[in-house]
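Novice: Please model the entire structure based on the sequences and the hints provided.
This is what each chain is made of:
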Amino acid sequence: MDTFGQLMAGFSAVLSWENLLLAFIGCVLGMLVGILPGFGPAAAVAILLPVTFALGPVPAIIMLAAILYGASYGGTITAVLLNVPGETSSVATTIDGYQMAKRGRAGAALTIAAIGSFVGCIVGLIGFVVAAPLSRFALAFGPTEFFALTILGLSLVIGLAGKSIVKALISALFGLAIGMVGLDPLTGVPRFTFDQAPLLDGINFIAVVMGLFGVSELLATVDHSSKFGRALPVGKIWPTRTDFRRSVGPILRGAPLGFFFGLLPGSPGAATSFASYAIEKAVSKRKSEFGKGAIEGVAGPETANNSLAIAGMIPLFTLGVPTSATTAILMGAFIVNGLLPGPLLFQNNPDIAWTIIASMFVGNVILLILNIPLVRVWVAFLKTPFPVLFAVVFGFMILGAYTLDGSVFNIGVLLIFGVLGYLMRKIDIPLAPMALTIVLGDLMESNLRRALAISRGDAAVFIESPISLTLLIIAAVAIVASIVGRQLGQRAAARKLLAERADTAVAEEKA
Amino acid sequence: MSFEPSTSPESPSGVGELIDEFADPENLPVTTGYRIANQVAGALVTLLGGGMTAGGLSLGLTIAGVPGPGLFPTIIGSGMFALGITLFVLASMGRLDRSFDTEVPDRAGVRRIIITSVATGVFLWALLWIGYPLAMSLYVLALLRFVGERKWLNSAIIAVVFGFGSWAGFSLGLGLPLPGSALPFLQSIGL
Numbered sequence: 084m085d086t087f088g089q090l091m092a093g094f095s096a097v098l099s100w101e102n103l104l105l106a107f108i109g110c111v112l113g114m115l116v117g118i119l120p121g122f123g124p125a126a127a128v129a130i131l132l133p134v135t136f137a138l139g140p141v142p143a144i145i146m147l148a149a150i151l152y153g154a155s156y157g158g159t160i161t162a163v164l165l166n167v168p169g170e171t172s173s174v175a176t177t178i179d180g181y182q183m184a185k186r187g188r189a190g191a192a193l194t195i196a197a198i199g200s201f202v203g204c205i206v207g208l209i210g211f212v213v214a215a216p217l218s219r220f221a222l223a224f225g226p227t228e229f230f231a232l233t234i235l236g237l238s239l240v241i242g243l244a245g246k247s248i249v250k251a252l253i254s255a256l257f258g259l260a261i262g263m264v265g266l267d268p269l270t271g272v273p274r275f276t277f278d279q280a281p282l283l284d285g286i287n288f289i290a291v292v293m294g295l296f297g298v299s300e301l302l303a304t305v306d307h308s309s310k311f312g313r314a315l316p317v318g319k320i321w322p323t324r325t326d327f328r329r330s331v332g333p334i335l336r337g338a339p340l341g342f343f344f345g346l347l348p349g350s351p352g353a354a355t356s357f358a359s360y361a362i363e364k365a366v367s368k369r370k371s372e373f374g375k376g377a378i379e380g381v382a383g384p385e386t387a388n389n390s391l392a393i394a395g396m397i398p399l400f401t402l403g404v405p406t407s408a409t410t411a412i413l414m415g416a417f418i419v420n421g422l423l424p425g426p427l428l429f430q431n432n433p434d435i436a437w438t439i440i441a442s443m444f445v446g447n448v449i450l451l452i453l454n455i456p457l458v459r460v461w462v463a464f465l466k467t468p469f470p471v472l473f474a475v476v477f478g479f480m481i482l483g484a485y486t487l488d489g490s491v492f493n494i495g496v497l498l499i500f501g502v503l504g505y506l507m508r509k510i511d512i513p514l515a516p517m518a519l520t521i522v523l524g525d526l527m528e529s530n531l532r533r534a535l536a537i538s539r540g541d542a543a544v545f546i547e548s549p550i551s552l553t554l555l556i557i558a559a560v561a562i563v564a565s566i567v568g569r570q571l572g573q574r575a576a577a578r579k580l581l582a583e584r585a586d587t588a589v590a591e592e593k594a
Numbered sequence: 068m069s070f071e072p073s074t075s076p077e078s079p080s081g082v083g084e085l086i087d088e089f090a091d092p093e094n095l096p097v098t099t100g101y102r103i104a105n106q107v108a109g110a111l112v113t114l115l116g117g118g119m120t121a122g123g124l125s126l127g128l129t130i131a132g133v134p135g136p137g138l139f140p141t142i143i144g145s146g147m148f149a150l151g152i153t154l155f156v157l158a159s160m161g162r163l164d165r166s167f168d169t170e171v172p173d174r175a176g177v178r179r180i181i182i183t184s185v186a187t188g189v190f191l192w193a194l195l196w197i198g199y200p201l202a203m204s205l206y207v208l209a210l211l212r213f214v215g216e217r218k219w220l221n222s223a224i225i226a227v228v229f230g231f232g233s234w235a236g237f238s239l240g241l242g243l244p245l246p247g248s249a250l251p252f253l254q255s256i257g258l
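Residue numbers (this note's numbering), protein chains in the order written: chain A, 84 to 594; chain B, 68 to 258.
Worth flagging that the hints you see were computed from the coordinates, not collected in a lab.
Using N, Cα and C, we set each Cβ at its ideal position, and we do this for glycine too.
To be clear about the criterion: a stretch of chain A counts as covered by chain B if any three or more of its residues have a C-beta under 8 Å from a C-beta of chain B, and this derived list gives those stretches:
#1 248-256
#2 272-279
#3 457-471
#4 474-484
#5 491-503
#6 507-513
#7 530-537
Far from chain B by the CB rule (all over 10 Å, computed), these chain A residues:
#8 Met91
#9 Ala92
#10 Ser99
#11 Phe107
#12 Val111
#13 Ala221
#14 Pro316
#15 Phe343
#16 Gly421
#17 Ile435
#18 Leu451
#19 Ala543
#20 Val560
#21 Ile566
Specialist: Shown next as structure tokens:
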């Protein structure tokens, strides 16, 4: 069956009321967690993962994908109404989105963001469908090529680095170290288990990421007595005709921009959305409105970051390599459900792969339908007292950790990594590289050892294989590109800071 | 005064100006405490890396001529060892950036974190004795009352609804078994 036929078969499978309901529930749950200040898609997927345990592989992934884009849009709501971005890629949205909200135009900003997000996702998904058959090439990969591929994945760590590359590498190696606990995958020898029986099976990846992203986020949220700001009123929901006219260009430019950024390994979301913002400002006839509530400043970045999020899934689906913390968690979810993303997924379970891809189209339609009329409902959720959310989310994560395999041990893992994640935040060690490498570690080690065993210990095998050599060169280029992208992101963030300061100065001067 | 970032004619896209104009993003000042915390982290990573390298070597780098179970731990451990020393040296030289995420918790924040940690430890112990619904209800009650500082009655209602509601949802609805009580009188009432 050709690609189009497989996609259509995927659509017919996903359009059952059970799958539609799961996508709907996933969007709602993702949105509800996503609008908690500070909680991004990675935390939302990690926290809500246990909800999917009893569903079976395909429904579970459909729901998790819906949670992912629901949470992404939830982050946009807080960016516009509270000036608190849910994730770094929403930072650009706060510049003009929050200014629009201050002028009573939050509804228009959120609606345009929803439409832009939808278009971005659809463009990303079309690119996804086109790129998916490329996974066939990966079937020619042996251990040498797969090891080089994991090195390419590891090169993404630079893109996920925060303030310091040294700290990002420490986080990455720590993730690899955690992945080594348990029985050696090739010889069955226990490693770093300290004679503790629960450690023989290794440390559960899901419990680790729930702790790192969920628990540590909760602890970071309550460690100051200051309170979150109050959400601004939504105002009129439907944008004006002028708003639509002004948003068309930014949306059409943002979608391909985000997609191509997403294909580059390690592209930080913030750099992409700021690049879109900079382009929109450069081509706009109303440059002076930027920073004061220009709708183009919401439409472009929101479209770009959603297109980027979908494009970021292509390496996961086609090569089995996650490119961000969120896709790493999603990969964990695949594995928990007995699926291995990568070329073999399309080879062995094409029906499952295409059903999941089709569900993303359907899920985004559901999200668009949900977003616009229900914006006021999501905003009402923002008024839930934080202590209640804190206690309930904490309780829910503990419940989730237990249900991973019915073991209290995993609750301990959750808490230990929650505290560890909190301490890592406090000294600026980024968490995302660790999440990425815990997943990649096993793949990296087993392929390294197999490749060396086949070559009888000759490490030159990695540069003798043309595919391996190409991948290693791409990894090197990706590292350089990521460093440049990182610099751009940092400077763009500084730009926002200066703009805010200037606004404050203007306000003070006027006063 | 109005703020309007300039667009230089040399960089009509506006991207170039992002590079040149704001070369020094604002960080929090690097305090002695932050520096010490980084030194400690560097030292711990060095120790961990050293331990892992030693563990890897003891497992064996090769077995019968092929890479053994100790090869990868040795590589990773050595990397951690080197990076730990690098972080320690950088911290000692004060060459650190400090983001806003690293703000030290205030007194109320420390209190909340301690209460959360203690309550969670007690919960883990209580779970094995009184079972999930009661332990979770008491746990959520503790968080609401002592961390969230909400009223007793309000906290109790939310706690019971969550504790018993999640138990019913997961145990009865999704068929995922949750721990029951070890005490006979609680077992006799279905807990």
